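S.K.: Starting from the known structure of chain H, arrange chain Y on it as the hints suggest.
Line order of the protein sequences matches chains H and Y.
Throughout the first sequence, residue numbering follows our numbering, covering 8 to 311 in sequence.
Throughout the second sequence, residue numbering follows our numbering, covering 8 to 311 in sequence.
Everything labelled a hint here was simulated from the structure, so no lab data went into it.
Take these hints with a grain of salt, some might be off.
Any copy will do: because identical chains look the same in the list, a pair fits if it lies in one copy or spans two.
[Unchecked claim] Derived pair list, reagent style SDA-like, types lysine to any residue, alpha-carbon separation capped at 25 Å:
| # | residue 1 | residue 2 |
| --- | --- | --- |
| 1 | 194 | 39 |
| 2 | 191 | 202 |
| 3 | 172 | 294 |
| 4 | 285 | 167 |
| 5 | 246 | 92 |
| 6 | 142 | 116 |
| 7 | 263 | 311 |
| 8 | 63 | 277 |
| 9 | 263 | 184 |
| 10 | 185 | 120 |
| 11 | 147 | 205 |
| 12 | 93 | 126 |
| 13 | 285 | 242 |
| 14 | 263 | 221 |
| 15 | 246 | 89 |
| 16 | 163 | 27 |
| 17 | 13 | 190 |
| 18 | 63 | 134 |
| 19 | 147 | 90 |
| 20 | 191 | 294 |
| 21 | 142 | 221 |
Please read all numbers here as calculations on a predicted model, not as lab measurements.
There are 2 protein chains.
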Amino acid sequence: MISTIKLVFLGTSGSWPSPERGMPSIGVQLDSECILFDIGEGTQRQLMMSSLSFMKVTKIFITHFHGDHFLGLGGLIQTMTLNDRKEKLEIYGPPDTIRQVSTFLNLGYYSLSFPIFVREIEDNEILDFGDYTIKAIRAKHPVHSFSYILKEKDRKRISRELMEKYSLTSKEVDIISKNGSINKNGKLITLDDISDGIRKGRSIVYSGDTSPNDILAEESRNMKIMVHEATVDSSLETKANEYGHSSARQAAEIAKKANVEYLYLTHISPRYRADKVKLLENEAKSIFEKTVVARDFMEIMVQV
Amino acid sequence: MISTIKLVFLGTSGSWPSPERGMPSIGVQLDSECILFDIGEGTQRQLMMSSLSFMKVTKIFITHFHGDHFLGLGGLIQTMTLNDRKEKLEIYGPPDTIRQVSTFLNLGYYSLSFPIFVREIEDNEILDFGDYTIKAIRAKHPVHSFSYILKEKDRKRISRELMEKYSLTSKEVDIISKNGSINKNGKLITLDDISDGIRKGRSIVYSGDTSPNDILAEESRNMKIMVHEATVDSSLETKANEYGHSSARQAAEIAKKANVEYLYLTHISPRYRADKVKLLENEAKSIFEKTVVARDFMEIMVQV
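Isolated chain H, as found in the complex (with noise of 0.2 Å):
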């Protein structure tokens, strides 16, 4: 059962760095196990200025083996081994991860101090991980690449006035939802027993490089965040789309489409400087109203 979901943007610009931003990672924090979605050069200074623990992260996912989006893996594996780690680390990737990984822990010297664990995963796969899911779906880019949906599991909605009803503490509601019951004074009481619905999973969408794609789209019906890459604004659309790009306009209809809550751009292109942002957010604004150009370190709490 996951608590805290928290969303950090850990580096959004796209291709090559700015001043103002650093190359692609986002940060998911799930209570205490920290996920990476992309980890660009740079991404383990971007940790430490961030409110998550770079010896935390769990899982890092690859969307795809365009330098921009990977090559901050070698420096955070040494600096984690630097650090005595002990930990497993799990890589996920499209097709070719584990030979590209391969080639990064090659580089230099250094005795790795803890296991690595290098998965590929397959268009539309699904990943169970107890208590949430990511889902591989193809993006149209020229290489193979991912978006991914991270997406807690539903569970049954605790009821409050139930909970009385049978004089449960927190701690025991805590039990049942873990074990599916427990026997108090004798007599079993389930989760059924205290739950008067369901309880929505919460979820976020990263495009990684895409360009605009109805199937992303699809997979994010209402879903409640979406990260979406918004390289260029739409005076230069034609052109981001034949590298596999989309504009700030774009992000926001595949948004629209899929009826999400929120949606966040990410992947801006360095040639917008902090004065030519706010043309990209009004563009998206004017298709889809909750759109925030994400910044480097913005957090968000991710709420039920």
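M.R.: Just chain Y now, kept in the frame of chain H:
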């Protein structure tokens, strides 16, 4: 003939970065060309935040293949390619440089837009680049590592009085400096005719990672600027020496033995946050007065 030599600290941390300090890299601008010594993760972004141009980097000298000193290479190369660089990039380093660089170049999907020249240097080798030389001194570190000495060549000093005697303009003097002589009104005027002694070349010593090295002190006799690693303060120097590092106190001893003009300390362990850096500076200054602990983006115009 070099006019301006500017030293820029691009990253002054050691082992891993801190919020204040990036990974090791030093930029030296020699008029229009820019040389890097080491290229830790994040160097391309540090370059973009400095007064140097990442596209004007012509040569990179890597001291050794511990991750903190070279993991920014792939990102810079791929960004140069995305910006359609055509000029050759030269990469120098200790034995194994060709294998390490080749491995790095095989990471990710991209097509290199420019030629890369890689050269492994031998201990004590001097590379001659016309107006300046770079010498590699074996450092005292667990893996094959270099200290580098950049030395502008000595040249004949132009006398203002002799310039006036021959009624020469600055432009004419430039031609003499370049070609050795000029034909003015049917008379040949040579460099010897207008010089009254030797103008000593400027010099920069970069220790890279090393425990105290008397050979480096000898090789650096009377040099202008020494940039020396100072991973820890003297209370931790025994342990630091075991790992091939120096304390601030020991760096100052080397600078004193070498009789350099200025000492800049770098490769500061991330344990020394802003408030504790003064400790390093004070212990070095008590031995070698002209010491400064370098900060990221600090710039020094190297005077004749």
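S.K.: Checking an output row: residue 13 and residue 190, CA cutoff 25 Å. Within, between, both or neither?
M.R.: Classified as neither: same-chain Cα gap 34 Å, cross-chain 75 Å, threshold 25 Å.
S.K.: Within a copy, between copies, both or neither: which one fits residue 191 and residue 294 at a CA-CA cutoff of 25 Å?
M.R.: neither (54 Å within a copy, 74 Å between copies)
S.K.: Evaluate residue 185 and residue 120 at a C-alpha cut-off of 25 Å and name the case that applies: within, between, both or neither.
M.R.: neither (33 Å within a copy, 56 Å between copies)
S.K.: Go through the copies and call it for residue 93 and residue 126: within, between, both or neither, with a Cα cutoff of 25 Å.
M.R.: within (19 Å within a copy, 37 Å between copies)
S.K.: Under a CA distance limit of 25 Å, which applies to residue 194 and residue 39: within one copy, between copies, both, or neither?
M.R.: Result: close neither inside a copy nor across copies, 34 Å intra and 83 Å inter.
S.K.: State whether the alpha carbon distance between residue 63 and residue 277 is at most 25 Å within one copy, between copies, both, or neither.
M.R.: between (30 Å within a copy, 19 Å between copies)
S.K.: With identical chains treated as interchangeable, where does the CA-CA distance between residue 147 and residue 90 reach 25 Å or less: within a copy, between copies, both, or neither?
M.R.: between (38 Å within a copy, 23 Å between copies)
S.K.: How would you label the pair residue 246, residue 92 (within, between, both, or neither) given a Cα cut-off of 25 Å?
M.R.: between (44 Å within a copy, 21 Å between copies)
S.K.: How do residue 142 and residue 116 come out at 25 Å by Cα distance, when the copy is not named: within, between, both, or neither?
M.R.: between (35 Å within a copy, 24 Å between copies)
S.K.: Pop the pair residue 191 and residue 202 into one bin, within, between, both or neither, using alpha-carbon distances up to 25 Å.
M.R.: Classified as within; 17 Å inside a copy, 101 Å across copies.
S.K.: Between copies, within a copy, both or neither: which fits residue 246 and residue 89 at Cα up to 25 Å?
M.R.: between (43 Å within a copy, 15 Å between copies)
S.K.: Using 25 Å as the alpha-carbon threshold, which applies to residue 263 and residue 184: within, between, both, or neither?
M.R.: Neither: 35 Å inside a chain and 68 Å across chains, both beyond 25 Å.
Checked against the numbered hints given earlier, the structure breaks hints 1, 3, 4, 9, 10, 11, 16, 17 and 20 and satisfies all the rest.
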